[in-house]
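Trainee: Residues per chain, in single letters:
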Amino acid sequence: MSFITRGFSGRSRERDDRLPPGQTLVGDFPVLSAGPTPEVDTAEWEFTIRTESGAQHSWSWDQLTALPIEDVTTDIHCVTHWSKLGTGWRGVALDTLFEDVDTDYAYTMAHSYGGYTTNVPLEDLLDGKAWIAIEFDGEPLDPEHGGPARLLVPHLYFWKSAKWVRGLEMMEDDEPGFWEQNGYHLRGDPWKEERYW
Amino acid sequence: MTDSTGAAGSSAAVIGPSSTVPRAGWHVATVSSTRRETPSAARIELDVDGWPGNAAGQHLDIRLTAEDGYTASRSYSIASSGDGTRVVLAIDRLPDGEVSPFLVDVVQSGDRLEVHGPLGAFFVWRPRTERDAARPVQLIAGGSGVVPLYAMAQAHADADDPTPFRLLYAVRTPDDVYFADELAAIAAAPAPLRLDFVYSRRTPPGTATPPGRITRERLADATIPAGDRPIVYVCGSTGFVELVASWLIDLGHDPRDIRTERFGGT
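Listed in order, the protein sequences are those of chains A and B.
The numbering used here numbers the first residue of the first sequence as 1 and each following residue consecutively.
The numbering used here numbers the first residue of the second sequence as 1001 and each following residue consecutively.
Treat the hints as calculated values from the structure; they're not laboratory data.
None of these values were measured; they are calculated from a predicted model.
Glycine included, every Cβ here is placed at the ideal spot set by N, Cα and C.
Wrong hints could be hidden among the right ones.
As the list claims (entries may be wrong) - According to the in silico footprint, chain B covers these stretches of chain A (three or more CB under 8 Å from chain B): (1) 35-48; (2) 179-185.
Unchecked claim - Here are a few chain A residues that face chain B, going by a calculated C-beta distance under 8 Å: (3) S2; (4) I4; (5) F8; (6) S9; (7) G10; (8) R18; (9) T24; (10) P68; (11) G115; (12) K129; (13) E144.
Using the sequences and the hints given, assemble the complete structure.
Mentor: Structure (structure tokens):
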């Protein structure tokens, strides 16, 4: 039903083909949060994957950062229409963390310090598609941007990249997390503009 | 870009979009009026074909399309709430913006805009129902962040809701106040609302307190104490929200009782 808006010419004509539909390039790093920024001490930080059998695979901060750390350069896309290209991260691949995890479930719920949750299919986390990120732009991750560690799932809208992540819970079915219960799409593929239900 | 996510919520009632919240969809909006709100902002009233109504605090997306098919989309908070197809926006012109200068300076009555919404089911307030506990509500606005909070205060007044409300509005000068007349009317209405301003650059004539940025002390003085367990809504720039939310926690508020909405990008 799209129609031309009277008098609108727009500014940037050079459409970057790395930009999904409805997105605009931005240089800075806006923050979308539903509540205050939690302060999480790495001395108490822990990341846990919990499966249907009740098995728990946990890493302390020192254990996580002793794992192979990968450099990731990627574009990120926020549901609020902003994209940032070529961002630099360092983190541990979810493939590494799932090496010894035995599960038949196909979905996960990411849990964060502060109570936030978001659902992500397991296949969106494996095969080099997702990390537990601990650095952004060469620096430890700011609390405001999800530090000390956040999920990084850059091929989905960035609310899926749960800030202050503390664990993944395996789920049999794809159930909505916090943002999804509040109107955001269950999967959130920016190339399909899966913003809202 | 990007960032998302947040906390909170674990104590809040979860509202599924499929249940009580009207489903978001694309609609054609016709501009019924536009007027200057502040030196840098415009108030735009829309009549949105098929709009399902919206709760106070929700937002919508506007998509503009140029003649060659180029599009630009942005999200804006809604200043109105309730049933019906009338939707009010108040939009600040960002100096380097692509969309906001067009909406503030070019759009006129009769223009048609594509909108998508209503959006967001967390940063909302609804008039009290029998089931709700009577917890007070503290609204804290920085600059144009007042828009969704004004919608809540207006909904509260319109419903003659007995919930104690307080709005703290941090703004540069009296000329920069959005919905100044409406806020004065709300403050005088029977529904309990207390209104406080913190002016950072210039105060109204006759004000004893000199202008100055908000501090933790001024925040403590002009908000409902943590001991009264208010639900707190904070909206403004990222810097404002980060500062205010951290002070609120210092002052003893439970992080789960603080709901935030932040602006980012241009």
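Trainee: Tell me if chain B covers the stretch 179-185 of chain A under the three-residue, 8 Å CB rule, please?
Mentor: holds (count 4)
Trainee: Does the CB of G10 of chain A sit less than 8 Å away from some CB of chain B?
Mentor: 5 Å, holds
Trainee: Was the hint right that G115 of chain A lines chain B, CB cutoff 8 Å?
Mentor: It holds, given that the least Cβ distance between G115 of chain A and chain B is near 4 Å, below 8 Å.
Trainee: Per the CB criterion, is S9 of chain A less than 8 Å away from chain B?
Mentor: 5 Å, holds
Trainee: Double-check E144 of chain A for me: the hint is only fine if its C-beta lies closer than 8 Å to a C-beta in chain B.
Mentor: Holds - the Cβ of E144 of chain A comes within 8 Å of chain B, reaching about 6 Å at its closest.
Trainee: Does K129 of chain A pass the interface check with chain B, least Cβ-Cβ distance below 8 Å?
Mentor: Interface hint status for K129 of chain A: violated (17 Å vs cutoff 8 Å).
Trainee: With 8 Å as the cut and Cβ atoms as the points, is T24 of chain A at the interface with chain B?
Mentor: 6 Å, holds
Trainee: Does the stretch 35-48 of chain A contain three or more residues whose Cβ lies closer than 8 Å to a Cβ of chain B?
Mentor: holds (count 4)
Trainee: Answer holds if the nearest beta-carbon of chain B is closer than 8 Å to that of F8 of chain A; otherwise answer violated.
Mentor: 4 Å, holds
Trainee: At a threshold of 8 Å, is the proposed contact between R18 of chain A and chain B supported by beta-carbon distances?
Mentor: 13 Å, violated
Trainee: Holds or violated: is the Cβ of P68 of chain A closer than 8 Å to a Cβ in chain B?
Mentor: 26 Å, violated
Trainee: Checking hints one by one. Is S2 of chain A an interface residue toward chain B, by the C-beta closer than 8 Å rule?
Mentor: 6 Å, holds
When held up to the earlier numbered hints, the structure conflicts with 8, 10, 12 and fits the remainder.
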